[in-house]
Amino acid sequence: MYARVSTEVIDAVDVLARVGSEQDGASLLFLGVVRNHADERPVSGMRYDAYEEMASEVLRAIAEEAAQTLGTDRVAVVHRFGELAVGEVSVAVAVSSPHRAESYEASRYVIEEIKKRLPVWKKEHYTDGESTWVEGQIPPVTTGSEA
Amino acid sequence: MYARVSTEVIDAVDVLARVGSEQDGASLLFLGVVRNHADERPVSGMRYDAYEEMASEVLRAIAEEAAQTLGTDRVAVVHRFGELAVGEVSVAVAVSSPHRAESYEASRYVIEEIKKRLPVWKKEHYTDGESTWVEGQIPPVTTGSEA
Amino acid sequence: MSVPVRTLFFAAYRDHFGVSELDVELAAGATVADLVSELRGRGAPFDVLPAEPAVAVNHHYAFLDEPLGAGDEVAFIPPVAGG
Amino acid sequence: MSVPVRTLFFAAYRDHFGVSELDVELAAGATVADLVSELRGRGAPFDVLPAEPAVAVNHHYAFLDEPLGAGDEVAFIPPVAGG
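Protein chains in written order, with this note's numbering: chain A, 1 to 147; chain B, 1 to 147; chain C, 1 to 83; chain D, 1 to 83.
In short, the hints are calculated from the structure, not lab data.
There could be a bad hint or two in this list.
According to the in silico footprint, chain B covers these stretches of chain D (three or more CB under 8 Å from chain B) [said to hold, decoys possible]:
1. 2–9
2. 35–41
Per label pair, the in silico range of CB-to-CB distance [what the hints assert, rightly or not]:
3. Ala33(D) - Ser44(B): 36 to 44 Å
4. Pro50(D) - Gln23(A): 55 to 63 Å
5. Gln137(A) - Ser21(B): 21 to 29 Å
6. Glu21(C) - Pro140(A): 21 to 29 Å
7. Ser131(A) - Ala44(C): 21 to 29 Å
8. Val19(D) - Asp128(B): 42 to 50 Å
9. Glu21(C) - Gln137(A): 37 to 45 Å
10. His99(B) - Val9(A): 18 to 26 Å
11. Glu65(B) - Val19(C): 15 to 23 Å
Just so you know, these numbers come straight off a predicted model, no measurement behind them.
Each residue gets a CB set at the ideal place from its N, CA and C atoms; glycine is no exception.
With the hints as constraints, model all of the structure from the sequences given.
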């Protein structure tokens, strides 16, 4: 299990290499990448802000939940923050499992939970010079993962 | 679009690099890997046989169908045949699309259709020296992809 | 006896308030809801805080009725947009 | 006038028959079903072919009533197991 929030450039090959084992018949790597458009509007880049300490903890909790689905501890996820250019990877999720169904399910779980709960925000920079915070999702309020 | 059946070792990074574009916010790489067990029985390796000419055509047809789902032509798939050791990649599927849902759907489509239709067979070699053909799926008989 | 807490503002909240954190003194027994009322009661720019914002106390999403203790870190979490 | 076709056997079929291909002469107007009957009629080892096997004609999965032409490549496809 590996979960990390960082300003460093994401090395997708390294993230993938953190999963896989001789028991596993399937590996899956998801990459979220900064697009050159939002709806129809041209985008020049994206700034990600993070509540870093909490995001690290939430990302680890998500990875642990995914491991339950997977039935293995072979989950690696890295979320980047800071200024990103078009084409740069913002998030990488790697999982592996004996059979493929669990890998697809766990991979999707990780990215969907990131979108719902990870305290990270993004500001789109448009080619016309404007910038706006991307409309996000209201996180489900719980009693906390320790409760 | 890239679809290939080959005896060469699969370079997963190369397959992933064949997809992605500045329009795409999501990339997904699936790897099928030779496991060290089948049910409870220890496996030492696997031999894949292919009806090579037909498999090339069927794999391309599957990739084209996935491209419809994706809404992009960013699909790359390679299936290996010959003798493979435990841990070696037998199939790599890379896709990318503006949004993630289409990538997950198309990736899964490609691997499920491979299992249903690709004229490829595998013989498991067990550590006790025995070998058996893996029980497969009866392909759906159609009037052919040209019909 | 008062309860000092540290509040954090991120993203759109930080841009709007012009600060990323603020120390606030609350009455003993105060909850997250009391902190929200205290801030909203200050008027502009804090009155843009929703009456029921998403809040994390010490890195965990919290209910509005969660009681606060001295030294708690209370973060106001605008709708999240990772990935 | 007879119709020569080339038949291919893969995987378990090839192991069982001991050959990977066989040239067969069929009567004019013969279908895939006629080829299957002709082979099964030869007895062991060909009688292990199912009465309705999956077959590809010139690289396309074919129905049993598909007519065969001179030079067609007809492959007997055991249940597939790629991936």
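Taking the hints in turn, this is what the structure says about them:
| no. | hint | verdict |
| --- | --- | --- |
| 1 | 2–9 | violated (count 1) |
| 2 | 35–41 | violated (count 0) |
| 3 | Ala33(D) - Ser44(B): 36 to 44 Å | 41 Å, holds |
| 4 | Pro50(D) - Gln23(A): 55 to 63 Å | 35 Å, violated |
| 5 | Gln137(A) - Ser21(B): 21 to 29 Å | 26 Å, holds |
| 6 | Glu21(C) - Pro140(A): 21 to 29 Å | 25 Å, holds |
| 7 | Ser131(A) - Ala44(C): 21 to 29 Å | 23 Å, holds |
| 8 | Val19(D) - Asp128(B): 42 to 50 Å | 29 Å, violated |
| 9 | Glu21(C) - Gln137(A): 37 to 45 Å | 24 Å, violated |
| 10 | His99(B) - Val9(A): 18 to 26 Å | 23 Å, holds |
| 11 | Glu65(B) - Val19(C): 15 to 23 Å | 54 Å, violated |
Hints 1, 2, 4, 8, 9, 11 from the earlier list are contradicted by this structure; the remaining hints agree with it.
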